[in-house]
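S.K.: Taken in sequence, the protein lines are chains A and B.
Quick note, the first sequence lines up with residues 1 to 201 if you use my numbering.
Quick note, the second sequence lines up with residues 202 to 439 if you use my numbering.
Keep in mind that the hints were calculated from the coordinates and are not lab data.
Incorrect hints may have been included.
As the list claims (entries may be wrong) - On the chain A side, residues computed to face chain B include the following (Cβ under 10 Å):
1) Leu3
2) Thr10
3) Phe15
4) Pro30
5) Ile32
6) Val36
7) Ile37
8) Asp47
9) Glu57
10) Ala122
11) Leu165
12) Leu190
What the hints assert, rightly or not - With a cut-off of at most 16 Å between alpha-carbon atoms, the simulated EDC-like pairs for lysine to aspartate or glutamate come out as follows:
13) A:Lys116 - A:Asp35
14) A:Lys178 - A:Asp153
15) A:Lys177 - A:Asp153
16) B:Lys238 - A:Glu185
17) B:Lys208 - A:Asp153
18) A:Lys113 - A:Asp26
19) A:Lys177 - A:Glu154
20) A:Lys116 - A:Asp153
21) A:Lys113 - A:Glu195
22) A:Lys116 - A:Glu185
23) B:Lys238 - A:Glu194
24) B:Lys238 - A:Glu200
25) B:Lys233 - A:Asp47
26) A:Lys164 - A:Glu154
27) B:Lys233 - A:Asp26
28) B:Lys208 - A:Asp124
29) B:Lys238 - A:Glu71
30) B:Lys233 - A:Glu185
31) A:Lys116 - A:Glu38
32) B:Lys263 - B:Glu278
These figures come from a predicted structure and were not determined experimentally.
A virtual CB, placed ideally from N, CA and C, is assigned to each residue, including glycine.
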Amino acid sequence: MSLQATTSQTVGPYFQIGLSRFYIDDLTGPGIFGDVIEIVGRVFDGDGQPVPDGVIEIWQADAAGKYVHPEFLQESENIQATDGQAEEQRRGQSAFRGFGRVSTQADGSFRFKTIKPGRVAAPDGTLQAPHIAVSVFARGLLRRLVTRIYFPDEESNVEDFALKLVEAGRRHTLIAKKLSDGRLEWNVVLQGAEETIFFEC
Amino acid sequence: MMQDMAKFRGYRRAEPGTQPNHLQPAYVSSIKRAPAKPLVYLPHTLSETTGPSFNSSAIDAKASDLTRQGQGEPLGERIIVSGRVLDEDSRSVALTLIEIWQANAAGRYRHNGDQHNAPLDPNFEGSGHTLTDEHGNFRFMTIRPGAYPWRNHYNAWRPAHIHFSVLGPAFATRLITQMYFPGDALLPFDPIFNCTGDEKARNRLISLFDWETTVCEQALGYRFDIVLSGRDSTPWEK
Ligand SMILES: [Fe+3]
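Bound-form chain A, shown alone (with noise of 0.2 Å):
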């Protein structure tokens, strides 16, 4: 290897600037196949407090289990669409994009509305739980977070390749509760007892 990456610094309290021209909260729209689903949350730091200047990052497959990239064109080439659903899923997947970003209000709060994604392969082979992958940017923070969203009542989360590598006690961090009035609630705790699992990434 002749270079290193070049070292990461916080985003400081000022990001929005830069970055809110390319705020997405929304991933849902014509044309995109799925189950429409929305996910609220709150940040907090390590003395419970909300965090107000974080910025969350989300990528995620469509509800095909495809992310439009092209590491995944090569593969979706070689599959036909062999009835009108795959055909439907085909086109949807072309107007997913797949990425949204918002900031945090002064109470914590952010909130997305997308699609619930289909599952993507792991590379042991088994099929990864349906997961968001999620990265969290604040002042303080000096690197980004990356974490993942995953859904409750899913038989799948037993057997995922990245959820099998958090402990048990703390995997629940990482699962979204379901709201009485269908949202998804998924919370972000960078410090303490109740901390969010954090990946190496």
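Add chain B with the ligand to chain A, keeping to what the hints say.
M.R.: Chain B with the ligand in isolation, oriented as in the chain A frame:
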């Protein structure tokens, strides 16, 4: 597909010391925000080796010139910041989104949270974006940002810097960093710049003054190359 998966290659992890630790007591905001528990090592999957991208149709071509966003010209020293986004194997990172933001020449951000009593400049917004070209090159026209005070410790001043955000080819390569200026007397005192243990890695955040990109009677050139993680050379083993 199973066979492909058996040969799956992720992205390389940082060399020890070349990235900051999460907890930096000298940077007070990190104390209650840094995770206290060890991170869980995640072998990369398709979720990490794919990542977002934007088409050129999403890009405002004028957004790479921060000196043309108002009615008139912003005050300050015009500079050209250019460079290349590449990976650790020197491969170009083409067509990736770069976003920048910065204080004006007086050291004031156009942001409600910035209460520094330096003047705002009606002709300077302080934000820009662009896509790298097919060789990974980018170029911004802007003004040199001023130093500004912050409340981290007594008489704390941030050295002049421009915030950079780069998406890169994959979720695993996502980077947000800051570019500094050569010879800035505030650098040795800044806990954010100094949070990276490896001195060489730290110093790579300092741009280079560059005659090649300096434009006669127009603007000084500074060069800032951004290196993203390279691809693992060995496939993931079961
Ligand atoms: Fe700043």
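S.K.: Evaluate each hint against the coordinates.
M.R.: Tested hints:
Annotation: interface hint on Leu3 (chain A) holds; nearest CB of chain B at approximately 5 Å, less than 10 Å. Because the smallest distance between the Cβ of Thr10 (chain A) and any Cβ of chain B comes to about 6 Å, under 10 Å, the interface hint for this residue holds. Using the Cβ-Cβ criterion of 10 Å, the hint placing Phe15 (chain A) at the interface with chain B is satisfied: the shortest such distance is roughly 7 Å. Taking 10 Å as the C-beta cut-off, the interface hint given for Pro30 (chain A) is violated, the closest approach to chain B being about 17 Å.
About 16 Å separates the beta-carbon of Ile32 (chain A) from the nearest beta-carbon of chain B, more than 10 Å, and the hint is not met. Hint status for Val36 (chain A): violated, given a least beta-carbon distance of 20 Å to chain B, over 10 Å. Taken as an interface hint, Ile37 (chain A) does not check out: its beta carbon lies about 17 Å from the nearest beta carbon of chain B, beyond 10 Å. Residue-level restraint check for Asp47 (chain A) holds (minimum Cβ-Cβ distance to chain B is 6 Å; threshold 10 Å).
Proximity of Glu57 (chain A) to chain B holds as hinted, the smallest CB-CB distance being about 7 Å (cut-off 10 Å). Because the closest C-beta pair between Ala122 (chain A) and chain B is about 5 Å apart, less than 10 Å, the hint holds. About 6 Å separates the beta-carbon of Leu165 (chain A) from the nearest beta-carbon of chain B, less than 10 Å, and the hint is met. Taking 10 Å as the C-beta cut-off, the interface hint given for Leu190 (chain A) holds, the closest approach to chain B being about 5 Å.
For the hint pairing Lys116 (chain A) with Asp35 (chain A), the CA-to-CA distance comes to about 6 Å; that is within 16 Å, so the pair holds. For the hint pairing Lys178 (chain A) with Asp153 (chain A), the CA-to-CA distance comes to about 9 Å; that is within 16 Å, so the pair holds. Taken as a hint, the Lys177 (chain A) and Asp153 (chain A) pair is honoured in the structure, with Cα atoms around 9 Å apart against an allowance of 16 Å. Only pairs whose Cα atoms come within 16 Å are accepted, and Lys238 (chain B) paired with Glu185 (chain A) is rejected, the gap being roughly 23 Å.
For the hint pairing Lys208 (chain B) with Asp153 (chain A), the CA-to-CA distance comes to about 32 Å; that exceeds 16 Å, so the pair is violated. Taking the CA atoms of Lys113 (chain A) and Asp26 (chain A), the gap is near 5 Å; set against the 16 Å cutoff, the hint holds. With a CA separation close to 12 Å, the supplied pair Lys177 (chain A) and Glu154 (chain A) stays within the 16 Å bound. Restraint check for Lys116 (chain A) and Asp153 (chain A): the C-alpha separation of about 13 Å stays at or below 16 Å, so the hint holds.
For the suggested pair Lys113 (chain A) and Glu195 (chain A), the alpha carbons sit about 25 Å apart, so the restraint of at most 16 Å is broken. Taking the CA atoms of Lys116 (chain A) and Glu185 (chain A), the gap is about 14 Å. The hint holds against a cut of 16 Å. Using a Cα cut-off of 16 Å, the hinted pair Lys238 (chain B) and Glu194 (chain A) holds, with the two alpha carbons roughly 10 Å apart. For a cut-off of 16 Å, the pair hint linking Lys238 (chain B) to Glu200 (chain A) stands: about 12 Å separates their Cα positions.
Only pairs whose Cα atoms come within 16 Å are accepted, and Lys233 (chain B) paired with Asp47 (chain A) is accepted, the gap being roughly 7 Å. With a CA separation close to 14 Å, the supplied pair Lys164 (chain A) and Glu154 (chain A) stays within the 16 Å bound. Using a Cα cut-off of 16 Å, the hinted pair Lys233 (chain B) and Asp26 (chain A) is violated, with the two alpha carbons roughly 31 Å apart. Of the supplied pair hints, the one linking Lys208 (chain B) and Asp124 (chain A) holds, its CA atoms being roughly 9 Å apart against a limit of 16 Å.
Of the supplied pair hints, the one linking Lys238 (chain B) and Glu71 (chain A) is violated, its CA atoms being roughly 33 Å apart against a limit of 16 Å. Straight-line distance between C-alpha atoms of Lys233 (chain B) and Glu185 (chain A) comes to about 23 Å, which puts the hinted pair past the 16 Å bound. Pair hint Lys116 (chain A) plus Glu38 (chain A) holds up; C-alpha atoms about 9 Å apart against a cutoff of 16 Å. For the hint pairing Lys263 (chain B) with Glu278 (chain B), the CA-to-CA distance comes to about 19 Å; that exceeds 16 Å, so the pair is violated.
The structure is inconsistent with the numbered hints 4, 5, 6, 7, 16, 17, 21, 27, 29, 30, 32, although it conforms to all the rest.
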